[in-house]
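Number of protein chains: 2
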Amino acid sequence: MNPSSLDRGALGRTLTRIANATPAELVQRAQRNTPLHAARRIGMTGAPGAGKSTLLGHLAMARASKGRLGVLAVDPSSPRSGGAILGDRIRMDELGTSPELYIRSLGSRGTSDGLADNLPEMLDAMDDFGFAEVLLETVGVGQTEYAARAQVDTLVLLLLPDSGDMVQAMKAGIMEMADIFVVNKADLPGAQRMATDIRRIGALTRHAPGAWVPPVLLTAASRPASVSALSDAIDQHQAWLAAAGRQAALRRQRARYRLRRLLEVQVAEVVASQDDAFLALPLRQQLSQAWTLLGKAIGA
Amino acid sequence: MNPSSLDRGALGRTLTRIANATPAELVQRAQRNTPLHAARRIGMTGAPGAGKSTLLGHLAMARASKGRLGVLAVDPSSPRSGGAILGDRIRMDELGTSPELYIRSLGSRGTSDGLADNLPEMLDAMDDFGFAEVLLETVGVGQTEYAARAQVDTLVLLLLPDSGDMVQAMKAGIMEMADIFVVNKADLPGAQRMATDIRRIGALTRHAPGAWVPPVLLTAASRPASVSALSDAIDQHQAWLAAAGRQAALRRQRARYRLRRLLEVQVAEVVASQDDAFLALPLRQQLSQAWTLLGKAIGA
Numbered sequence: 051m052n053p054s055s056l057d058r059g060a061l062g063r064t065l066t067r068i069a070n071a072t073p074a075e076l077v078q079r080a081q082r083n084t085p086l087h088a089a090r091r092i093g094m095t096g097a098p099g100a101g102k103s104t105l106l107g108h109l110a111m112a113r114a115s116k117g118r119l120g121v122l123a124v125d126p127s128s129p130r131s132g133g134a135i136l137g138d139r140i141r142m143d144e145l146g147t148s149p150e151l152y153i154r155s156l157g158s159r160g161t162s163d164g165l166a167d168n169l170p171e172m173l174d175a176m177d178d179f180g181f182a183e184v185l186l187e188t189v190g191v192g193q194t195e196y197a198a199r200a201q202v203d204t205l206v207l208l209l210l211p212d213s214g215d216m217v218q219a220m221k222a223g224i225m226e227m228a229d230i231f232v233v234n235k236a237d238l239p240g241a242q243r244m245a246t247d248i249r250r251i252g253a254l255t256r257h258a259p260g261a262w263v264p265p266v267l268l269t270a271a272s273r274p275a276s277v278s279a280l281s282d283a284i285d286q287h288q289a290w291l292a293a294a295g296r297q298a299a300l301r302r303q304r305a306r307y308r309l310r311r312l313l314e315v316q317v318a319e320v321v322a323s324q325d326d327a328f329l330a331l332p333l334r335q336q337l338s339q340a341w342t343l344l345g346k347a348i349g350a
Numbered sequence: 051m052n053p054s055s056l057d058r059g060a061l062g063r064t065l066t067r068i069a070n071a072t073p074a075e076l077v078q079r080a081q082r083n084t085p086l087h088a089a090r091r092i093g094m095t096g097a098p099g100a101g102k103s104t105l106l107g108h109l110a111m112a113r114a115s116k117g118r119l120g121v122l123a124v125d126p127s128s129p130r131s132g133g134a135i136l137g138d139r140i141r142m143d144e145l146g147t148s149p150e151l152y153i154r155s156l157g158s159r160g161t162s163d164g165l166a167d168n169l170p171e172m173l174d175a176m177d178d179f180g181f182a183e184v185l186l187e188t189v190g191v192g193q194t195e196y197a198a199r200a201q202v203d204t205l206v207l208l209l210l211p212d213s214g215d216m217v218q219a220m221k222a223g224i225m226e227m228a229d230i231f232v233v234n235k236a237d238l239p240g241a242q243r244m245a246t247d248i249r250r251i252g253a254l255t256r257h258a259p260g261a262w263v264p265p266v267l268l269t270a271a272s273r274p275a276s277v278s279a280l281s282d283a284i285d286q287h288q289a290w291l292a293a294a295g296r297q298a299a300l301r302r303q304r305a306r307y308r309l310r311r312l313l314e315v316q317v318a319e320v321v322a323s324q325d326d327a328f329l330a331l332p333l334r335q336q337l338s339q340a341w342t343l344l345g346k347a348i349g350a
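Here the protein sequences line up with chains P and U, keeping their order.
Heads up: the first sequence begins at 51 in the numbering used here, then just goes up one per residue.
Heads up: the second sequence begins at 51 in the numbering used here, then just goes up one per residue.
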């Protein structure tokens with residue numbers, strides 16, 4: 051596709067179609083799209099209240115000159131009401147006025163990994179629509195980060211000064227996943243100390259020669275220079291990935307993740323559709339029958 | 051099994067064996083164990099810092115008279131280092147002196163649902179060892195709760211006064227899952243107001259006649275009466291489940307969850323073990339081959 055000007059309507063409809071696709075439709079879809087080029091994928095993650103949306107909005111403005119830019123923001127939302135509390139979103143949507151900037155909020159209603167259903171396919175669609183870069187915003191400290199990590203090239207972790215964020219991130223193993231650390235709301239007391247703590251922990255890690263050493267930045271949405279510095283750090287990481295020949299490995303990691311998710315949603319569908327009589331069978335029979343149904347679902 | 055006195059060594063070894071079981075071993079295992087009786091399963095969940103471990107410790111002491119009691123505490127921990135920060139755990143382990151009280155901390159290293167790998171099988175093992183009740187502690191607001199919800203009869207949600215906990219829980223749809231709300235650290239300012247807010251939100255929900263209306267309790271680990279009140283509320287919910295004939299539905303929900311997880315871990319294993327040549331195949335072929343391998347893995 052890669053049209054010279056972004057067809058926002060067509061993109062919106064495509065993303066909606068993917069978001070609502072049944073597992074069978076996803077498999078169908080997977081046969082045909084072969085993205086011609088791949089957008090840079092930047093993830094920004096952090097605990098609720100870390101100021102992700104605001105900083106991401108400013109970052110998007112700072113990076114808009116680098117080509118067509120998409121922002122996909124994953125919002126936790128109710129599995130029952132389907133509703134999201136959109137305070138953060140509204141603030142960010144104010145920025146969505148540039149013709150080459152596209153912002154979309156995605157619900158994560160009850161998905162097992164805390165990301166939006168069918169996110170790999172949506173990211174592929176962004177490629178089809180000629181995006182140069184996609185910023186993926188995810189929330190939470192925990193499972194979501196593992197899933198986000200598998201989807202992006204560069205993962206930015208936002209932490210709030212004097213919060214329990216760092217301890218929680220350490221507990222969840224998130225510290226080891228980040229490519230760039232950001233202590234946000236740097237005007238708050240404790241920001242410098244937290245940055246120092248993170249650097250100290252980083253210094254305890256032995257980096258192989260030529261490995262990427264995650265920088266620790268202090269940002270405030272009100273300080274444009276700090277947003278530029280973050281933008282530069284992202285560019286540096288992207289350049290390092292290219293120089294280190296890491297892109298092929300990232301592509302494989304995504305392919306694995308996508309295949310697994312595709313099978314998992316089929317499994318969930320097959321299991322959810324079974325009745326009580328099925329569940330009363332011995333487990334071995336349940337497994338066999340579920341496997342047979344899975345084969346039909348994926349057209350194997 | 052159901053031995054007259056708890057064989058802690060045997061239980062510990064069994065849980066370790068299950069925690070480390072390969073997907074193939076899990077399938078094997080699934081053929082043979084048919085739990086004779088089912089322990090009550092009580093989940094306690096809430097954001098980090100809500101005081102879950104401390105309150106759960108006191109609750110365990112309050113409920114120890116009701117029969118053999120197990121506590122399984124799921125700790126987020128690093129997917130790489132495998133290490134957990136055990137501050138909370140150590141506090142709770144001090145309580146583990148009763149011969150009929152068994153406490154075990156489980157890592158959730160990088161599991162897709164934020165619970166421990168093979169948790170359904172561990173819970174079944176607790177049944178085999180004659181536990182009357184299992185308290186399951188999970189952390190985080192988000193995906194983990196969906197998974198915990200599928201594992202327990204009674205879900206207690208802990209919230210901290212004047213925190214963002216309630217808004218986050220609403221966003222994530224957790225409020226609609228809880229059977230009992232607890233505003234913990236009730237000495238903090240804002241506790242009463244938060245309880246009122248939760249009740250108000252509850253009053254907006256239309257309950258069917260005879261439905262369970264989740265109570266909202268104020269607790270403090272330092273106030274034994276508040277812990278007793280929580281314990282009573284759990285008993286009332288358990289009695290309601292029995293009277294309303296809900297247990298069969300809960301058993302089916304667990305059977306579904308267990309089957310799905312069992313298939314998912316197999317899928318993850320199959321996908322992880324594929325090489326680059328496999329990932330270069332067209333997706334349809336990848337799906338087909340993965341399905342064939344899955345069939346072998348589950349012995350279908």
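Treat the hints with care, as some may be off.
It does not matter which identical chain is used: a pair holds within one copy or between any two.
Unchecked claim - Calculated lysine to any residue pairs in the SDA-like style (CA-CA distance at most 25 angstroms, straight line):
id	residue 1	residue 2
1	K346	A258
2	K346	P332
3	K116	E75
4	K116	W290
Honestly, the hints are just simulated from the structure, not real lab data.
Comparing the hints with the structure gives:
1. K346 - A258: Neither way: K346 and A258 sit 47 angstroms apart in one copy and 39 angstroms across, limit 25 angstroms.
2. K346 - P332: both (22 angstroms within a copy, 18 angstroms between copies)
3. K116 - E75: Classified as neither; 34 angstroms inside a copy, 51 angstroms across copies.
4. K116 - W290: Only inside one copy: K116 and W290 sit 18 angstroms apart there, 60 angstroms across copies, limit 25 angstroms.
The structure shown violates the earlier hints numbered 1, 3.
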